[in-house]
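From first to last, the protein sequence lines stand for chains A and G. Each number in the working numbering comes from the position in the first sequence (counting from 1) with 85 added on. Each number in the working numbering comes from the position in the second sequence (counting from 1) with 218 added on.
Label pairs and their computed distance ranges (CB to CB):
(1) A/256 <-> G/365: 42 to 52 angstroms
(2) A/261 <-> G/362: 37 to 47 angstroms
(3) A/167 <-> G/275: 27 to 37 angstroms
(4) G/234 <-> A/496: 23 to 33 angstroms
Below, simulated DSS-like cross-link-like pairs (lysine-lysine); rule was C-alpha separation at most 27 angstroms, straight line:
(5) G/275 <-> A/127
(6) A/96 <-> G/256
(7) G/286 <-> A/124
(8) A/124 <-> G/280
(9) G/368 <-> A/96
(10) G/278 <-> A/125
(11) A/123 <-> G/280
(12) A/106 <-> G/302
(13) G/286 <-> A/125
(14) G/302 <-> A/261
(15) A/123 <-> G/278
(16) A/125 <-> G/280
(17) G/275 <-> A/473
(18) G/275 <-> A/255
(19) A/124 <-> G/302
(20) G/277 <-> A/473
(21) A/451 <-> G/256
(22) A/96 <-> G/379
(23) A/123 <-> G/277
(24) G/286 <-> A/123
(25) A/106 <-> G/338
(26) A/127 <-> G/277
(27) G/280 <-> A/127
(28) A/96 <-> G/286
(29) A/342 <-> A/176
Hints listed in this document are in silico derivations from the structure and should not be mistaken for laboratory results. On a predicted model such as this, the values are computed, not experimentally measured, just so you know. Glycine residues also receive a C-beta, built at the ideal position from the N, C-alpha and C atoms.
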Amino acid sequence: MFDTEERELNKLNQTMKDVLKPDNIDEYVKKGLALGIKKKRKSQIKKFSNIAAALILVIFISSIRAIPTFAEFVTRIPGLEYIVKFINYDKGLKSAIENNFIQHINSYVTHEGLTVTIKDAIIDSSKGIIFYSIENKGSHHFVNLENMKFMDEKGEQLKAGVSWGGAINKDMALEKMLDGMVEINFTDDMIIPDKIFVEVKLRDSATSNPDHRNQEEILNSVWKFEIPVDKEKIRNMEKTYALNQSILIEGQRILFKNVTISPTRVSINVEYDKNNSKKIFRFDDLKLIDEKGETWSTIKNGISGSIIDENHEILYFQSNYFKDPKGLYLTGSSIRALDKDKSTVKVDVENIKLLNSPKDRLSLTKISRNDSTMTLDFDLKVDDPRDKDYSYNVFSYYIKDSSGKVYESGGARCSSSIDQVQQYSLIINKSQNIKSPLYLTLEDYPERIEGEFKLKIK
Amino acid sequence: MNEEELVIAAQSGDNEAFYSLISLYSENLYNIAYCYLKDQHEALEAVQETTCRSYLKLKKLKQPQYFKSWLTRILINYCIDEQKRRKKIVPIFQDKQVEEDSSKVENMAIEFAINELEPKYKHVIVLRYFQDMAIPDIAKVLDCPEGTVKSWIHRALQQLKNSLNGEGDFNV
Numbered sequence: 086m087f088d089t090e091e092r093e094l095n096k097l098n099q100t101m102k103d104v105l106k107p108d109n110i111d112e113y114v115k116k117g118l119a120l121g122i123k124k125k126r127k128s129q130i131k132k133f134s135n136i137a138a139a140l141i142l143v144i145f146i147s148s149i150r151a152i153p154t155f156a157e158f159v160t161r162i163p164g165l166e167y168i169v170k171f172i173n174y175d176k177g178l179k180s181a182i183e184n185n186f187i188q189h190i191n192s193y194v195t196h197e198g199l200t201v202t203i204k205d206a207i208i209d210s211s212k213g214i215i216f217y218s219i220e221n222k223g224s225h226h227f228v229n230l231e232n233m234k235f236m237d238e239k240g241e242q243l244k245a246g247v248s249w250g251g252a253i254n255k256d257m258a259l260e261k262m263l264d265g266m267v268e269i270n271f272t273d274d275m276i277i278p279d280k281i282f283v284e285v286k287l288r289d290s291a292t293s294n295p296d297h298r299n300q301e302e303i304l305n306s307v308w309k310f311e312i313p314v315d316k317e318k319i320r321n322m323e324k325t326y327a328l329n330q331s332i333l334i335e336g337q338r339i340l341f342k343n344v345t346i347s348p349t350r351v352s353i354n355v356e357y358d359k360n361n362s363k364k365i366f367r368f369d370d371l372k373l374i375d376e377k378g379e380t381w382s383t384i385k386n387g388i389s390g391s392i393i394d395e396n397h398e399i400l401y402f403q404s405n406y407f408k409d410p411k412g413l414y415l416t417g418s419s420i421r422a423l424d425k426d427k428s429t430v431k432v433d434v435e436n437i438k439l440l441n442s443p444k445d446r447l448s449l450t451k452i453s454r455n456d457s458t459m460t461l462d463f464d465l466k467v468d469d470p471r472d473k474d475y476s477y478n479v480f481s482y483y484i485k486d487s488s489g490k491v492y493e494s495g496g497a498r499c500s501s502s503i504d505q506v507q508q509y510s511l512i513i514n515k516s517q518n519i520k521s522p523l524y525l526t527l528e529d530y531p532e533r534i535e536g537e538f539k540l541k542i543k
Numbered sequence: 219m220n221e222e223e224l225v226i227a228a229q230s231g232d233n234e235a236f237y238s239l240i241s242l243y244s245e246n247l248y249n250i251a252y253c254y255l256k257d258q259h260e261a262l263e264a265v266q267e268t269t270c271r272s273y274l275k276l277k278k279l280k281q282p283q284y285f286k287s288w289l290t291r292i293l294i295n296y297c298i299d300e301q302k303r304r305k306k307i308v309p310i311f312q313d314k315q316v317e318e319d320s321s322k323v324e325n326m327a328i329e330f331a332i333n334e335l336e337p338k339y340k341h342v343i344v345l346r347y348f349q350d351m352a353i354p355d356i357a358k359v360l361d362c363p364e365g366t367v368k369s370w371i372h373r374a375l376q377q378l379k380n381s382l383n384g385e386g387d388f389n390v
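Please work from the sequences and hints to get the whole structure.
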């Protein structure tokens, strides 16, 4: 009765089977699983913090003289409640606010139906944190920060690194007001001005999908602000301790030069001996500890360090400025590092082959090209339990080809571990004329040197 | 491990078992999603999202032997939501997209006709002919009696016949 239709359907089925199957379905299954695992963990943390909140409540009910928590502290200051979510992970910043080290700016500008407010700022000699909000008074949708520029009185851009977390990316037709935070990382040779001039550019997108972004979405207006800085005060708030102690772990010498403590963070200057046989990538568990055993870890949600050159680095910790402990020590026990002569990976693009793979952890799975972009997909074997929740950003963004020309990467993606394997993709822009083999420099790798150390700072 | 054992292992927290389970069906999932969404990338995203959702909801699956039906239902629900969302956001692109993608395959006429079907008829056609699923399995996915599935298939084929014959140009 329906022979023709059934035949057509079967034919169509066959066509689809033949033509349309991509070879990377598995990749999406892995991504979906990784996402699921992450979400599950998040909801578990949430559950746990609900229980924790319930416990705190119980303590409050049973004891009148309870110590106020940070969240409770800020809710007593009208207008500061919103800050909790931004800095709750950083106990140094929390203590800065508890000690009233925050400037209330509350200055706002409206253009094109969008009001941008700089609400508060925390600025010391080491960095600035700007809290802002965007309010939709017109018919906008996904409004995100396109750029925030910082200038001195002469209109010159500050010599500073600026960073903000991922886009807020919420439909502002539904949520009229959104908050955000921007960090400015001052460099050592930067002169802090009496006033910081801020220029904000915004982008209004129709969808939340970043793949659909284009230039036309950037709004024409510039939202301009001024933030006063009390230079004298912040200069006096900085304390520097000379450390000049070195450690020797598995033959590698690391010199900790000095420690600077300011309200927003603690900076430690580190030098790796140029005669070391290994390249030092990252410290696993470096932390500050005071005489009572209280610890301050490195900054993970934000700028974690500044690389000065190959052998010099500044590492940042959550601040204990307002705690002002009597004794302070620097401790750690393991460091990710790899032989220098193995820290460059050579890729044969034509044959999709790695010409060397340090300790056989790295394998090249695919190279795809379109127009001018080349994407290299790798699998990285990660089997140390310490790396369970860590995603490796394996390579430097500067790639050299066989003719010696340097290409800049357009970004990289890394996945979390599934079956002890992480996927990592490196994207190289403008690569039409790139010449195989390529030389990629390792920035991080799951190989370690181990040895406990404890240095006295004061 | 057979499928049921895999489900039980996955429910007790074995992520590797869960991964093997999804891998058994990932191509099926992709094909179904493609039938609904008509876009390779979006179909892949559907596979990703279905993996994520099923991972989060796995503990709620009471009968391990119905894993495949359960998984397919999650995917179909996602595809339907996605279609609705797309209609809401970009009604203008909807037709254009169908046209563009259909032109890539030969069997345009029948594809058009399938797209025109009511959702329930579309479900049964996709599952029966593109997934080669048996009537009892389809009934489980759609959570309705087998008799209903049979009559839906019948009516769906009738409608396909009508629309193919109705437009003489497309007739084969």
